Amino acid sequence: MQSQTRVYFPYVGPFDPCPPKRVKTYQVPPQLFITFQPANLPQYSPSEALRLGTLWPALFSPYNPAADRAGGLG
810 MQSQTRVYFP YVGPFDPCPP KRVKTYQVPP QLFITFQPAN LPQYSPSEAL RLGTLWPALF
870 SPYNPAADRA GGLG
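For the sequence shown, this note's numbering begins at 810 and goes up steadily by one.
It is possible that part of the hints are untrue.
As the list claims (entries may be wrong) - Distance ranges between label pairs, derived from CB positions: (1) C827 to Y853: 42 to 48 Å; (2) P829 to Q852: 43 to 49 Å; (3) P829 to S854: 44 to 50 Å; (4) F845 to S812: 19 to 25 Å; (5) G822 to P871: 32 to 38 Å; (6) P823 to L864: 49 to 55 Å; (7) Y872 to L850: 18 to 24 Å; (8) P819 to Q840: 25 to 31 Å; (9) K833 to L868: 21 to 27 Å; (10) F869 to V832: 23 to 29 Å; (11) L859 to P819: 36 to 42 Å; (12) A848 to R815: 25 to 31 Å; (13) R815 to L864: 23 to 29 Å.
Stated by the list, open to error - Straight-line C-alpha distance at most 25 Å; calculated SDA-like pairs for lysine to any residue: (14) K833 to Y820; (15) K830 to Y820; (16) K830 to Y817; (17) K830 to P819; (18) K830 to R815; (19) K830 to T814; (20) K833 to G822; (21) K830 to S812; (22) K833 to S812; (23) K833 to R815; (24) K833 to Y872; (25) K833 to L868; (26) K833 to Y817; (27) K833 to T814; (28) K833 to S870.
Note that these hints are calculated values from the structure, not bench results.
Computed from a prediction, not measured in an experiment: that's the story for all the values here.
Beta carbons are placed, not taken as given, at the ideal position from N, Cα and C, and that holds for glycine.
Make the full structure from the sequences, and use the hints.
Below is the structure:
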């Protein structure tokens with residue numbers, strides 16, 4: 810499976826008034842990598858699916874708001 814995190818390097822102008830962030834990241838949804846639903850996809854147990862928010866591990870995308878606020882990957 811491909812990584813759901815993408816990285817890009819924004820343009821930094823010579824006269825920017827603030828210290829620039831040289832590397833920025835963003836998340837892409839996992840359904841972009843599955844063109845159709847394959848047969849016999851593995852499934853989480855019902856209780857684990859409710860906790861994680863999806864029945865299929867291939868469509869799980871972790872959400873970490875603390876890392877997002879801190880500027881980390883996540």
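Against the structure, the hints:
A hinted range of 42 to 48 Å holds for the C-beta pair C827 and Y853, which are about 43 Å apart. The beta-carbon spacing between P829 and Q852, approximately 44 Å, falls within the hinted interval of 43 to 49 Å. The given range of 44 to 50 Å is respected by P829 and S854, whose C-beta atoms sit roughly 46 Å from each other. Distance hint check: the CB atoms of F845 and S812 are about 21 Å apart, consistent with the given range 19 to 25 Å.
One distance hint, 32 to 38 Å for the beta-carbon pair G822 and P871, holds here, with the actual separation near 34 Å. The supplied range of 49 to 55 Å is met by P823 and L864, whose beta-carbon atoms lie about 51 Å from each other. Between Y872 and L850 the beta carbons are some 21 Å apart, a value that agrees with the proposed interval 18 to 24 Å. About 27 Å separates the C-beta atoms of P819 and Q840, a value consistent with the hinted range of 25 to 31 Å.
Between K833 and L868 the beta carbons are some 25 Å apart, a value that agrees with the proposed interval 21 to 27 Å. Here the CB-CB span from F869 to V832 is close to 25 Å, well matched to the stated 23 to 29 Å. At roughly 38 Å, the beta-carbon separation of L859 and P819 lies within the given 36 to 42 Å, and the hint holds. Checking the proposed 25 to 31 Å range against A848 and R815 shows it holds: the Cβ atoms sit about 29 Å from each other.
Distance hint check for R815 and L864: the Cβ-Cβ separation is about 25 Å, which falls inside the suggested range of 23 to 29 Å. A hinted pair counts as satisfied when its Cα atoms are at most 25 Å apart, and K833 with Y820 qualifies at roughly 11 Å. Distance check on the hinted pair: K830 and Y820 sit about 10 Å apart at the alpha-carbon level, within 25 Å; holds. Our distance criterion of 25 Å between C-alpha atoms is met by K830 and Y817, whose separation comes to about 11 Å.
For the hint linking K830 to P819, the alpha-carbon distance of about 8 Å falls within 25 Å, and the restraint holds. Pair hint K830 plus R815 holds up; C-alpha atoms about 15 Å apart against a cutoff of 25 Å. Restraint check: the Cα-Cα separation between K830 and T814 comes to about 17 Å, which is no more than 25 Å; the hinted pair holds. About 16 Å separates the Cα atoms of K833 and G822, which keeps this hinted pair within 25 Å; it holds.
A hinted pair counts as satisfied when its Cα atoms are at most 25 Å apart, and K830 with S812 qualifies at roughly 22 Å. Taken as a hint, the K833 and S812 pair is honoured in the structure, with Cα atoms around 15 Å apart against an allowance of 25 Å. Restraint check for K833 and R815: satisfied, since their Cα atoms lie roughly 8 Å apart, inside the 25 Å limit. Restraint check: the Cα-Cα separation between K833 and Y872 comes to about 17 Å, which is no more than 25 Å; the hinted pair holds.
A C-alpha spacing of about 24 Å is found between K833 and L868, which places the hinted pair at or below 25 Å, so the restraint holds. With a CA separation close to 6 Å, the supplied pair K833 and Y817 stays within the 25 Å bound. About 10 Å separates the Cα atoms of K833 and T814, which keeps this hinted pair within 25 Å; it holds. Taking the CA atoms of K833 and S870, the gap is near 19 Å; set against the 25 Å cutoff, the hint holds.
Violated hints: none; the structure is consistent with every hint.
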